[in-house]
Amino acid sequence: MSGTFVIVGAGLSGGAAAAALREEGFDGRVVLIGAEPQPPYERPPLSKEYLRGEVPFEQALVQDPRFYAENGIETRFGVPATCVDSVEKIIELDDGERVIYDGLLIATGGRNRRPSIPGMDLEGVYGLRTVANCDRIRQEIVPGRRAVVVGMGFIGSEVAASLRQSGLEVVVVDRNKMPLRRVLGDEVGRVIEEIHRDNGTTMVFEDTVAAFEGDGHVERVRTTRGRDIECDFVVVGLGIEPVIGLLAGTGVKLDNGVVVDEHCWTGVDGIYAAGDVANYYHPVFRRRIRVEHWQNALKQGPVAARNMLGKSEAYAEVPWFWSDQYEYNLQYAGFHTEWDELVVRGSLRERDFIAFYRKNGRVLAAVTIGRGRDLRRSMPLIKAQRPVDPGKLQDPEVELRTLVGAADAR
Amino acid sequence: MAEFVVVAGADALGEGEMRVFDVGGTRIAVANVAGTFYAFDDTCTHVGCSLAEGDLEEKTVICPCHGSEFDVASGAVLQGPARRPVKTYETRVEGDSLEVKG
Ligand SMILES: Cc1cc2nc3c(=O)[nH]c(=O)nc-3n(C[C@H](O)[C@H](O)[C@H](O)COP(=O)(O)OP(=O)(O)OC[C@H]3O[C@@H](n4cnc5c(N)ncnc54)[C@H](O)[C@@H]3O)c2cc1C
Ligand code: FES
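Chains A and B, in that order, give the protein sequences. Residues in the first sequence are numbered from 12 upward in steps of one, following this note's numbering. Residues in the second sequence are numbered from 62 upward in steps of one, following this note's numbering.
Rather than coming from a laboratory, the hints here were simulated on the basis of the structure. The model shown is predicted, which means the values in this text are computed figures rather than measured ones. Positions of the beta carbon are idealized from the N, C-alpha and C atoms, including for glycine. A portion of the hints provided could be inaccurate.
Unchecked claim - Capping the alpha-carbon separation at 20 angstroms, the derived lysine to any residue pairs in SDA-like fashion look like this:
#1 A:LYS403 to A:GLU352
#2 A:LYS59 to B:ARG144
#3 B:LYS148 to A:GLN70
#4 A:LYS310 to A:GLY36
#5 A:LYS310 to B:VAL138
#6 A:LYS59 to A:ASN144
#7 A:LYS394 to A:ARG299
#8 A:LYS188 to A:ILE240
#9 B:LYS120 to A:ARG384
#10 A:LYS310 to B:GLU130
#11 A:LYS310 to B:ARG144
As the list claims (entries may be wrong) - Quick list of the computed label-pair ranges, beta carbon to beta carbon:
#12 A:ARG125 to B:GLY96: 57 to 67 angstroms
#13 B:SER111 to A:PRO407: 18 to 28 angstroms
#14 B:GLU118 to A:GLU151: 42 to 52 angstroms
#15 A:SER13 to B:GLU64: 53 to 63 angstroms
#16 A:ARG124 to B:SER111: 29 to 39 angstroms
#17 A:ASN82 to B:ALA137: 13 to 23 angstroms
#18 A:GLU81 to B:GLU119: 27 to 37 angstroms
The task is simple: from the sequences and hints, build the whole structure.
Laid out in structure tokens, this is it:
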């Protein structure tokens, strides 16, 4: 097959898609456009090992930098795409270059949400999405300094942990009554809270930032409930929003990201989307979901690439992610927004458990600390979407793989 | 020079099982894949979890922490986030004993 395939967004998803096009034997033109100057890299180390200065940046690269030239992938790193004409099938870049495409993959990911808080523009108030952001935060890391982390989602929790591990004083501010409550619920949220408390983080819950104050550089954080927290710098982690501006006026449906079907197709000729930006139809959960995690970017990019080549492959991976905080490895698989019951195997108190979110008898999702093997073995159970006996879920003697009939395991 | 060291009885590991042994101070995992023994560093090259605590699917070991996959025969990375291969070691069965060249 020949033609020109353009990938916008040189993150994990875009990088993996470019490689997949070549693996599939596509010998036409592949153009990988990325706003960041670096070749595709993985972001998880940015709140963990790389932030703490334990690994070099090169270890985060998705491919060796020579890979692209060696595989005939044209790269435009550091040059954002600025507009798409979906009728003439032309994409335009910031430097004026225009590329006529046969297939276009949107893998533009997310950008940090920036609420309009007074003082947000002061020096020393950081977000964390890119390696450039991370390098600036790293310069602030000196033992004994004081940091405020705003938001205790996954990124905020990990940053707080890494900063404590690097010897800083850390105060977190979060509007909820415990970390990660919205995603994981009270019982598991409490476990995370205890982990952070044991490690000496000061946590301010059910409060929000009213203003960042200081003379040019942030000096304190003032909260809505009247606290003044003195600090040397701030990291804000209030989630991301999908980057979709490029597609305005193209006819592509935009709603909580780029709306695509289970084949990553937008419905507009030649245009596909994958990764954090894609709001896709999930055949197992029978609804659209948008997943902001590593595995989704890694696997969905290539599926989109193969479908651009004319395959008809549904993307039906069970969403899965990890988060490392201190010595604890937390993992989650599945998808849930509400649940009737949390069934726990192991011990929440000892931070050694797998817990299942159950609704109408079905296991929608599972979360673990320290039992990654069990989590993996629960995936077929989640995929099967069949009622499961809670007694068996709880019983450490029952091998999780036996809870799914062979017919459902596929 | 590395030499073969007895780590266990030849029947200590059932098919599809993995176990960790201390061989001269190094944690080495041994996997039994359909009767053949493969030995490799137990420490994942990503951020150091124990591979033997993960899953073994045919000749692939899957790290329990972030899902990196390695070929137990060659040590090659089959899936990240790990980038570097794990070191592998020779094994042999001598009489009733399982030996690893560590
Ligand atoms: C600090 C941090 C830690 C994380 N830790 C974990 C973790 O532990 N586990 C986990 O599962 N997930 C983690 N994630 C999430 C994971 O990194 C994301 O899911 C993943 O990066 C998504 O990849 P993507 O390629 O879809 O998007 P992105 O990584 O966002 O890449 C999109 C790229 O497109 C570029 N782009 C945007 N617009 C344009 C344009 N117009 N033209 C050209 N280029 C453009 C952007 O600059 C960016 O480089 C973490 C994320 C962060 C930020
Ligand atoms: S430690 Fe093995 S995959 Fe991360």
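Do the hints match the structure? See the list:
Distance hint between A:LYS403 and A:GLU352 is fulfilled; the C-alpha atoms sit about 14 angstroms from each other, no more than 20 angstroms. For a cut-off of 20 angstroms, the pair hint linking A:LYS59 to B:ARG144 stands: about 17 angstroms separates their Cα positions. In summary, the hint linking B:LYS148 to A:GLN70 is supported, as the alpha carbons are separated by about 18 angstroms, within the 20 angstroms threshold. Restraint check for A:LYS310 and A:GLY36: the C-alpha separation of about 18 angstroms stays at or below 20 angstroms, so the hint holds.
Proposed proximity of A:LYS310 and B:VAL138 is supported: the alpha carbons are some 16 angstroms apart, at most 20 angstroms. Straight-line distance between C-alpha atoms of A:LYS59 and A:ASN144 comes to about 14 angstroms, which keeps the hinted pair within the 20 angstroms bound. Between A:LYS394 and A:ARG299 the CA atoms are separated by roughly 16 angstroms; this keeps the pair inside 20 angstroms, and the hint holds. Restraint check: the Cα-Cα separation between A:LYS188 and A:ILE240 comes to about 19 angstroms, which is no more than 20 angstroms; the hinted pair holds.
With a C-alpha separation of about 17 angstroms, the suggested pair B:LYS120 and A:ARG384 falls inside the 20 angstroms cut-off, and the hint holds. A distance of roughly 14 angstroms separates the Cα atoms of A:LYS310 and B:GLU130; the hinted pair therefore holds under the 20 angstroms criterion. For the hint linking A:LYS310 to B:ARG144, the alpha-carbon distance of about 17 angstroms falls within 20 angstroms, and the restraint holds. Distance hint check: the CB atoms of A:ARG125 and B:GLY96 are about 59 angstroms apart, consistent with the given range 57 to 67 angstroms.
Range check, B:SER111 to A:PRO407: about 19 angstroms between beta-carbon atoms, so the 18 to 28 angstroms window is met. Distance hint for B:GLU118 and A:GLU151: a CB-CB separation of about 43 angstroms, consistent with the stated range 42 to 52 angstroms. In this structure the hint that A:SER13 and B:GLU64 lie 53 to 63 angstroms apart at CB holds, the actual value being about 57 angstroms. Checked against the hint of 29 to 39 angstroms, the pair A:ARG124 and B:SER111 passes, with Cβ atoms roughly 37 angstroms apart.
Under the hint 13 to 23 angstroms, the C-beta atoms of A:ASN82 and B:ALA137, about 19 angstroms apart, fit the expected range. At about 30 angstroms, the beta-carbon gap between A:GLU81 and B:GLU119 stays in the expected band of 27 to 37 angstroms.
Violation of the numbered hints given earlier is absent; every hint is satisfied by the structure.
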